[in-house]
Each structure stands twice: as C-alpha cells, then as structure tokens.
Amino acid sequence: MAGDNSVRSLFEKWTECASNAYLSILERWVYEGIIDDPCGEIFIAENRLLKSSPAQERLSQDSTAEYWSQRYSLKETIPGFLANIAATILTTGKYLNVMRECGHNVQVPISKRSKLTIFGSNHHYLECIKAAHEFASTELVNLIKDKYDLIGRLRSLKHYLLLDQGDFLVHFVDIAREELNKKVNEISVEKLQPLLDLALRTTAAAADPRHEDLTCCVKDSDSNSIEDPVSITGLETFSLSYKVQWPLSIVVSKKALSKYQLIFRFLFHCKHVERQLCGAWQMHQGIQSMNCNGTAIRRSSLLCRSMLKFISSLLHFLTFEVLEPNWHVMHDRLQSARSVDEVIHDFFLDKCLRGCLLLLPDVDVANKIDQITTMVGVLSSVMSFPSDL
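Just so you know, our numbering puts 974 at position 136 of the sequence shown, and the rest follows in order with no gaps.
If you're looking for bench data, these hints aren't it; they were derived computationally from the structure. We treat Cβ as the ideally placed atom computed from N, Cα and C, and that holds for glycine. Hints should not be assumed to be uniformly reliable.
[As the list claims (entries may be wrong)] In silico DSSO-like cross-links for lysine-lysine, where the CA-CA straight-line distance does not exceed 27 Å:
{"#": "1", "residue 1": "K913", "residue 2": "K996"}
{"#": "2", "residue 1": "K985", "residue 2": "K913"}
{"#": "3", "residue 1": "K913", "residue 2": "K1092"}
{"#": "4", "residue 1": "K1021", "residue 2": "K913"}
{"#": "5", "residue 1": "K1189", "residue 2": "K1081"}
{"#": "6", "residue 1": "K1189", "residue 2": "K996"}
{"#": "7", "residue 1": "K1029", "residue 2": "K1097"}
{"#": "8", "residue 1": "K1097", "residue 2": "K1109"}
{"#": "9", "residue 1": "K1092", "residue 2": "K1109"}
{"#": "10", "residue 1": "K1081", "residue 2": "K1109"}
{"#": "11", "residue 1": "K1092", "residue 2": "K1057"}
{"#": "12", "residue 1": "K1109", "residue 2": "K1057"}
{"#": "13", "residue 1": "K1097", "residue 2": "K983"}
{"#": "14", "residue 1": "K1092", "residue 2": "K1147"}
{"#": "15", "residue 1": "K1029", "residue 2": "K1057"}
{"#": "16", "residue 1": "K985", "residue 2": "K1081"}
{"#": "17", "residue 1": "K983", "residue 2": "K968"}
{"#": "18", "residue 1": "K1093", "residue 2": "K1057"}
{"#": "19", "residue 1": "K996", "residue 2": "K851"}
{"#": "20", "residue 1": "K1029", "residue 2": "K968"}
{"#": "21", "residue 1": "K1029", "residue 2": "K1147"}
[As the list claims (entries may be wrong)] Pair by pair, the computed Cβ-Cβ distance ranges are:
{"#": "22", "residue 1": "G878", "residue 2": "D1184", "range": "30 to 38 Å"}
{"#": "23", "residue 1": "L1141", "residue 2": "N980", "range": "50 to 58 Å"}
{"#": "24", "residue 1": "K1081", "residue 2": "E850", "range": "53 to 61 Å"}
{"#": "25", "residue 1": "N922", "residue 2": "S1069", "range": "20 to 28 Å"}
{"#": "26", "residue 1": "R1113", "residue 2": "A1044", "range": "32 to 40 Å"}
{"#": "27", "residue 1": "R1176", "residue 2": "D1002", "range": "37 to 45 Å"}
{"#": "28", "residue 1": "N943", "residue 2": "V1008", "range": "29 to 37 Å"}
{"#": "29", "residue 1": "S1026", "residue 2": "D1051", "range": "15 to 23 Å"}
{"#": "30", "residue 1": "K1081", "residue 2": "R1113", "range": "22 to 30 Å"}
{"#": "31", "residue 1": "R1176", "residue 2": "Q1123", "range": "23 to 31 Å"}
{"#": "32", "residue 1": "E1024", "residue 2": "E884", "range": "16 to 24 Å"}
{"#": "33", "residue 1": "E884", "residue 2": "S844", "range": "28 to 36 Å"}
{"#": "34", "residue 1": "E1162", "residue 2": "A856", "range": "45 to 53 Å"}
{"#": "35", "residue 1": "S911", "residue 2": "N980", "range": "48 to 56 Å"}
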C-alpha cells in the first residue's frame, strides 16, 4: 500500500498521534530548557546531584563550569531520526538553562509553525530545532558579551596574565623580592597577596575595575624535575590566577586559565632573566669605567651583552609577533560571534602556546620552564663573577 497516498496519510497521522507525548517532552526542552520526562523517555540525561545546593551559589564558585559539562548529557540510545541533530538539541536546552541560572528568563518564541512533527517530506522538525538553537545561542552570546562584558574580561586577562601592562608586575617583584626569594615550602601566599594588591592599586592597573579578581599563587614543583624541590624559590614557581564567575567560566574554563598561566610563567621567567641581565650589564659598565679591562671582564661583558640581546629579542617576538596579533584576531572574531562555540577561545590560546614554542611535540613544557629556571641561576653567577675579580 506504499503507493496509496490516502493510506500513507492515515499511517502518518496515526504515528504522529502516537508520538505526541514524546515530541511534547522534546519541545519543552528545545523551547524552554526544561526536562519534563517522568518516565525517562527522552535521550537527554540530567545529573540531579548538581542541584544539591542553590544553583547561583554553586555556579558562581565553580570555575570548571561543571554545570556546563556534566549537568546534562546524551544517553546512548538516541532515536534514529534525531541522531544527526542530537548534539544541537542538547546544547539548545543547555543554552536556555544557562540564561535561566543567570536570572535571564528567556524561551524560544513559539507559534503554530514551530510545533514539532516527525513525518512529512519537508522535515519541518529539523527546521524548528535549528531555528530554536540559533535563537538560544544568539541570546546567550549577547548575554555574555553585553551583561557580563566578555571582551572586557578577556582584555583584563591580557593585561595581567599575558603581561600587556607589566608595570604592576615590576612593582610587585620589587616589594615582594624578599618573600619570593624564599624556598618554595617557606613562602606564605597570605603575605604575597597584600603585596600584589598594593602593586595593583599604585600602578596603571588601578584603573581596571576587575583588578581585584587577580590573585597570586605558588605552583607546586614538578616531582619529575631534576632540581631538588627544596632549592627552588618562589621566583621559579610564582604564578597569577584570576577569579572567573559564571557564566564566563564557560569561556574561561579551568583548562583555559591553565593555558593562560603557562604563558604567564614563561613570560615571567623571561622578564626575570632580562632584569638580572640588565643588573649584570650595569655592573659591567661600572667595572669598565674603572679601567678594569682584563680578558675575563671582556668575555663576561660580551656574554652578558649577547644574552641580553637574545632575551630582549625573544620577549619582543613573543609579545609583538605571537600574542598581540593572535589576540586581535580573536577579538575581531568574538565581535561577530553568533554561537557559544565561536566564543570559546581555545583556538587563540593554542595558537599562542604553539607560537611561544610551548607545544613542540618533542619538548616537555615543564622541562622548558626548568631550563629557564636554570638559566636564572647561571645569570646570578654571572652577576657575581665580576665583583670577585
């Protein structure tokens, strides 16, 4: 009877009536972000354990965006006619949930044309789901960009963790030198934080209303490091962290923040080496003014000048050839972003890590940081060498 149009229409009508219950559940999820599924029929699983505390309180403290990654997920059994669009259905409801948790109650505009139906040659249900996804995604992107000032937050991260404005760091290192020179197991973060706050308030960073979200931390040393952890000082393990509130933690997740910190530590060590070299160069100039022109002095001066030129060129390359152009590309892309997937900026951080030579397949990042730390120790010896002649 497949060629009989009247029989076909009757069959489709029966099937549509039989599936109304399932489609009504799917409609509430896609249009309101609510799972009303007492029998567990829909293919979206909800982790109810994440509801154990008030949502806003929990999410504001969750820098890993656990809600985003674990609150809702796909089950293994997905209806065949929805298999290709299941991920879109999942994210549509998640977008609506995120906005509701932020106090921004919104739902997809519903009309007679938006009623989900499975059968028919025009695949109308696909059009409805895609339209709902586009609406929810655009609303969430606008919320994050406008109400929570995403661009401003990312610019703040650029100032502090990518050292776009490094005057606060110079001041901080000067006033915290005594504490940072201690062994890593003797450092008090409680003493470092007030010094960091002082440095932020007395430099150009004070103009940034978000500078209070910046915190300092001392990373644990790598157990595989060649150096004895007892001999490592705070200068080798110091890092900055940044408090990220929900829903910005979707974009600046814990993983993304770790990438920022990795770049920061690399830049921080390079700048520390540069400062030591500048001090050594000043010592050499003072000794040369005393007409101490021995062979050892000339060799030491040449070595210092060559290393200073190298580290300055490296910092210039990292800042103006890697970080700055990539950040502007990301900034322009975010301005025109229409979906949360386009807003998540892992592509920018990965490009920066690769450009900073921190993603080479045959080079361990931890070893690279250790090499820079070793260089710091060598340069300290260089600084003391001329005074011992």
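Taking 27 Å as the top limit, are the C-alpha atoms of K913 and K996 close enough? Measuring from Cα to Cα gives roughly 39 Å; hence the hint is violated.
Pairwise hint evaluation, K913 against K1021, where the allowed Cα distance is 27 Å at most: Judged against 27 Å, a Cα distance of about 50 Å means the pair is violated.
For the hint 23 to 31 Å, verify it against the beta carbon of R1176 and that of Q1123. violated (57 Å)
Given the hint that K1189 pairs with K1081, does the C-alpha gap stay at or below 27 Å? Given pair K1189, K1081 holds - Cα atoms ~23 Å apart, limit 27 Å.
Would you check the hint for K1029 and K968, treating anything up to 27 Å between C-alpha atoms as holding? Given pair K1029, K968 is violated - Cα atoms ~53 Å apart, limit 27 Å.
Would you check the hint for K1189 and K996, treating anything up to 27 Å between C-alpha atoms as holding? holds (15 Å)
Given the hint that K985 pairs with K1081, does the C-alpha gap stay at or below 27 Å? Satisfied, since the Cα-Cα distance of roughly 17 Å is no more than 27 Å.
Supplied distance hint 28 to 36 Å, evaluated on CB atoms of E884 and S844: Given a distance of about 42 Å, which is not inside 28 to 36 Å, the answer is violated.
Go ahead and decide if the range 37 to 45 Å is satisfied by the Cβ distance of R1176 to D1002. Cβ of R1176 to Cβ of D1002: about 27 Å, so the range 37 to 45 Å is violated.
For the range 22 to 30 Å, tell me whether the beta carbons of K1081 and R1113 fit it or not. holds (28 Å)
Starting from K1029, check that the Cα of K1057 is at most 27 Å away, please. Status holds; Cα separation ~16 Å.
Pairwise hint evaluation, K1092 against K913, where the allowed Cα distance is 27 Å at most: holds (26 Å)
When the structure is compared with the earlier hints, violations turn up for hints 1, 2, 4, 14, 19, 20, 21, 25, 26, 27, 28, 31, 32, 33, 34 and 35 and for no others.
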